[in-house]
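Peer 1: Residue-level listing of the chains:
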Amino acid sequence: MEQRLGSTWRMTVNEKKFIETALLSDLRTDGRGPFDYRNLTIQFGSEDGSSEVQLGQTRVMGFVTSQLVQPYRDRPNEGSLAIFTEFSPMADPSFEVGRPGEFAVELGRIVDRGLRESRAVDTESLCVVAGKWVWSIRIDLHILDNGGNLVDAANIAALAALLTFRRPECTLGGEDGQEVTIHPPDVREPLPLIVHHLPIAVTFAFIGNESTVVIDPSHFEEAVMGGKLTATLNTNGDVCAIQKAGGEGVMQSVIMQCLRIASVKAADITDKIKKAVGLDGGVVEVAHERYESGLWTLILKNGGVWLLILLTNWSSKEAFCSFTLLHLLEKLRNKTFVLVGKAAWKGVNNLSKEMEKPKMKTEDRSINQDDMEIEIHSSKKDGSSLGDNKPKAFTGGPSSWDPYSKGVNVDELKASLASRAVVTPKEEMDTSPPLKPATDESLKDADPAPSSQETAGTTEHTNEAKTLKDAVKPKHKRKKKKNLHHLFETLLETRLSRCCNVNLLCSLELAIVACN
Amino acid sequence: MESKPSTTPSSFIDQQVFPGDVVLDLSKMANQTIKLGGGLRQDGDVISVMKAGKLRFSKPNKYWVESSNKRYVPSAGDNVLGIVVDAKADNFLVDIKGPTLAFLPVLAFEGGTRRNIPKFEMGTLLYVRVVKANTGMNPELSCMDASGKAAEYGPLKEGFMFESSTGLSRTLLSSPTCPVLETLGKKLAFEIAVGLNGRVWVNAASPSIVVLVANTIMKTESLSPVQQKIKVESLMQRMR
Chain W
1 MEQRLGSTWR MTVNEKKFIE TALLSDLRTD GRGPFDYRNL TIQFGSEDGS SEVQLGQTRV
61 MGFVTSQLVQ PYRDRPNEGS LAIFTEFSPM ADPSFEVGRP GEFAVELGRI VDRGLRESRA
121 VDTESLCVVA GKWVWSIRID LHILDNGGNL VDAANIAALA ALLTFRRPEC TLGGEDGQEV
181 TIHPPDVREP LPLIVHHLPI AVTFAFIGNE STVVIDPSHF EEAVMGGKLT ATLNTNGDVC
241 AIQKAGGEGV MQSVIMQCLR IASVKAADIT DKIKKAVGLD GGVVEVAHER YESGLWTLIL
301 KNGGVWLLIL LTNWSSKEAF CSFTLLHLLE KLRNKTFVLV GKAAWKGVNN LSKEMEKPKM
361 KTEDRSINQD DMEIEIHSSK KDGSSLGDNK PKAFTGGPSS WDPYSKGVNV DELKASLASR
421 AVVTPKEEMD TSPPLKPATD ESLKDADPAP SSQETAGTTE HTNEAKTLKD AVKPKHKRKK
481 KKNLHHLFET LLETRLSRCC NVNLLCSLEL AIVACN
Chain B
1 MESKPSTTPS SFIDQQVFPG DVVLDLSKMA NQTIKLGGGL RQDGDVISVM KAGKLRFSKP
61 NKYWVESSNK RYVPSAGDNV LGIVVDAKAD NFLVDIKGPT LAFLPVLAFE GGTRRNIPKF
121 EMGTLLYVRV VKANTGMNPE LSCMDASGKA AEYGPLKEGF MFESSTGLSR TLLSSPTCPV
181 LETLGKKLAF EIAVGLNGRV WVNAASPSIV VLVANTIMKT ESLSPVQQKI KVESLMQRMR
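Read top to bottom, the protein sequences are chains W and B. Sequence positions in the first sequence follow full-length UniProt numbering and run 1 to 516. Sequence positions in the second sequence follow full-length UniProt numbering and run 1 to 240.
Hints in this document: simulated from the structure, not taken from any laboratory. Just so you know, even glycine gets a beta-carbon here, dropped at the ideal spot from N, CA and C. Among these hints, one or two may not hold up.
Said to hold, decoys possible - From chain B, some residues computed to sit far from chain W (all C-beta separations above 12 Å): (1) Ala-76; (2) Lys-97; (3) Gly-159; (4) Cys-178.
Unchecked claim - Only pairs whose alpha carbons sit at most 25 Å apart, straight line, appear in this in silico BS3-like list of lysine-lysine: (5) Lys-274(W) / Lys-16(W); (6) Lys-132(B) / Lys-62(B); (7) Lys-186(B) / Lys-119(B); (8) Lys-219(B) / Lys-17(W); (9) Lys-119(B) / Lys-16(W); (10) Lys-157(B) / Lys-88(B); (11) Lys-17(W) / Lys-119(B); (12) Lys-70(B) / Lys-219(B); (13) Lys-149(B) / Lys-16(W); (14) Lys-119(B) / Lys-132(B); (15) Lys-35(B) / Lys-51(B); (16) Lys-219(B) / Lys-16(W); (17) Lys-157(B) / Lys-17(W); (18) Lys-88(B) / Lys-70(B); (19) Lys-62(B) / Lys-88(B); (20) Lys-35(B) / Lys-132(B); (21) Lys-186(B) / Lys-54(B); (22) Lys-231(B) / Lys-16(W); (23) Lys-186(B) / Lys-149(B); (24) Lys-119(B) / Lys-149(B); (25) Lys-59(B) / Lys-70(B).
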């Protein structure tokens, strides 16, 4: 008994008084203001649907998995969503292994209510065979470190995991259309979940007399607080859920004020989540550098995908060869990366690009002068496996890249193109034969707009499948691609004009390397 | 860090050492008595390290390994910050971040008699001295120094307490004064009590100064002295 007592964390009366006095002058123990959130970082694991959120000292991991099950009797064409929490003893000395305590159940309930009651995840799209087979989505939340305000962090982890989760595609077959075949991810591209909106939980703590409200309480503040209120809202202005379980009574005006503040914070956090997942189409520049040989490197980041762009002018081809690898490796020491594409720019404003598939070590220099489109997709956008860490092995010798045999099906492409509004006239697919032999890297030719992101290591099969699928479901992705592409182009143009003294009519070689 | 065994002990002093490192070769040093402290062990003719940390030497012949932990191992003579957990008939139960609670006899105060036993409520912060600390037994504390005077021991009022590692406490208590405290002290007026068990208490006239001092100390723990100075200067600039 005494042993246990020795390891718990204790509060002193000094702290309680200090926190209350400091709050009178709007100061919190870690230097924040009363309505400031701590630093939020969202990271993703190597699998789809795994996220790790760090909110100050608090760390929570979320995992999403899916399974085909029988639906509930009263809802035969809806899938289901279930949340499980795991409070690891390493997070806090008061957490114990085994049955979840009261707080664990409450946390699970708050996150669950926010997602289920507000119908944030579209459950009807999870139905495969009405009345027989539906997808059941399971969210596991693991608490790794308790630094206060677990509810908010867990909620964000659940949302981030849901947004990056991809469920396998399944088709109906058999004689009566009742047999379900689940396709593995390398055969058919897995699909994202349909999430209508993001309900964000914002927690308030009432400390001292009821007029002192702080947001995102830390461990200290949680131990001193008199009451707690969690409001779940989304950016559309809907209040999805409110939870106030016991504690001090508060006036109605205080609650309304809290809701107002919560809606501002919710917008903030939604932005951060979207940026981390990569949904906002924003490309973040991380660094750019110029080398003596005339080589420019530019590192961009979109969500979890890093992009290293090497620009050089014609004359320094040799330098390009030798510098490429050295600097690449130096810059991206910790990341596995894959050289996926190369293009030549002719002038800046005339964005005619040529596609050449390079090899890692030996690069063939004769560039085709034809207009060629390159479609390169973000791994996130297309729903291929996010953060796939396995770099495709580059073979030293030339591998045959035959546009007609390996997955670029011109007819399909044309069909998919026709089904979409093409952005600019120059975007025609033209697979011209005299392309250099290349590795089978992720050149997706399905999208009409040359977009910026590249998948790391996706196969030709998925290319093909994606083409079909994209033709069928263009809506979801079109907007995003356009945004991304547009942004990337503008970004690159500004960079080019700024960095390279470009009145350029000279061609620039662009090597695009994706890494994650 | 050097992995070659060295004959001269001076090459390892004040260096990071890891378990298994051989720091002294006794066959090369004849007719010397060496005192080994914690973390070192004699393996035949060599002295090897058992605990990761910094090797320390004090004249004339004491060697020991100092490491920084979040847990505290009570040892006699340490000044620590304890929190009162319970009050019994004969002593107070005080938590000093050790493996067990410690006992503070109710009479261990200057001029303490059965008539004027101090009343400490649960959660009172005390600055106490460890009198006895044997493994397996609850440590014994006292609010008097060895000669029986109060000498700053006793309850600490107001202020803010935070917990950190034992290494930070030792740095804060080192002489000459550690750069963080020096730089902070030049501009700000505050009171600080450091317990060797990793607890630090800060008090000042206004809460903002307390928050600044506490956060500065916590953030600069792992920086080198020069970096510490720079960081403290920049943090103070921001507050002004």
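Peer 1: Verify the proposed pairing of Lys-70(B) with Lys-219(B), using a straight-line Cα cut of 25 Å.
Peer 2: Holds, at about 16 Å.
Peer 1: Starting from Lys-132(B), check that the Cα of Lys-62(B) is at most 25 Å away, please.
Peer 2: holds (22 Å)
Peer 1: Is Lys-119(B) within 25 Å of Lys-16(W), Cα to Cα?
Peer 2: holds (19 Å)
Peer 1: Given the proposed pairing of Lys-186(B) with Lys-119(B), does the C-alpha separation stay at or below 25 Å?
Peer 2: Violated, because 37 Å separates the two Cα atoms, which is more than 25 Å.
Peer 1: Verify the proposed pairing of Lys-35(B) with Lys-132(B), using a straight-line Cα cut of 25 Å.
Peer 2: Holds, because 22 Å separates the two Cα atoms, which is no more than 25 Å.
Peer 1: Are the Cα positions of Lys-88(B) and Lys-70(B) separated by 25 Å at most?
Peer 2: violated (28 Å)
Peer 1: Please check whether the beta-carbon of Gly-159(B) is more than 12 Å away from every beta-carbon in chain W.
Peer 2: Since the minimum Cβ distance to chain W is about 6 Å, Gly-159(B) lies within 12 Å and the statement is violated.
Peer 1: Is the straight-line distance between the alpha-carbon of Lys-157(B) and that of Lys-17(W) 25 Å or less?
Peer 2: With Cα atoms ~10 Å apart, Lys-157(B) and Lys-17(W) stay inside 25 Å; holds.
Peer 1: What's the verdict on Lys-219(B) and Lys-16(W), does the C-alpha distance respect the 25 Å limit or exceed it?
Peer 2: Between Lys-219(B) and Lys-16(W) the Cα gap is close to 22 Å, so the pair holds against 25 Å.
Peer 1: Has the given pair, Lys-186(B) with Lys-149(B), been kept, meaning a C-alpha gap of at most 25 Å?
Peer 2: violated (31 Å)
Peer 1: Checking the smallest CB distance to chain W, is Ala-76(B) really beyond 12 Å?
Peer 2: holds (19 Å)
Peer 1: Is the hinted pair Lys-17(W) and Lys-119(B) satisfied, with a Cα-Cα distance of at most 25 Å?
Peer 2: Distance of about 19 Å is within 25 Å: holds.
Hint check: violations occur at hints 2, 3, 5, 7, 13, 18, 19, 21, 22, 23, 25; the rest are consistent with the structure.
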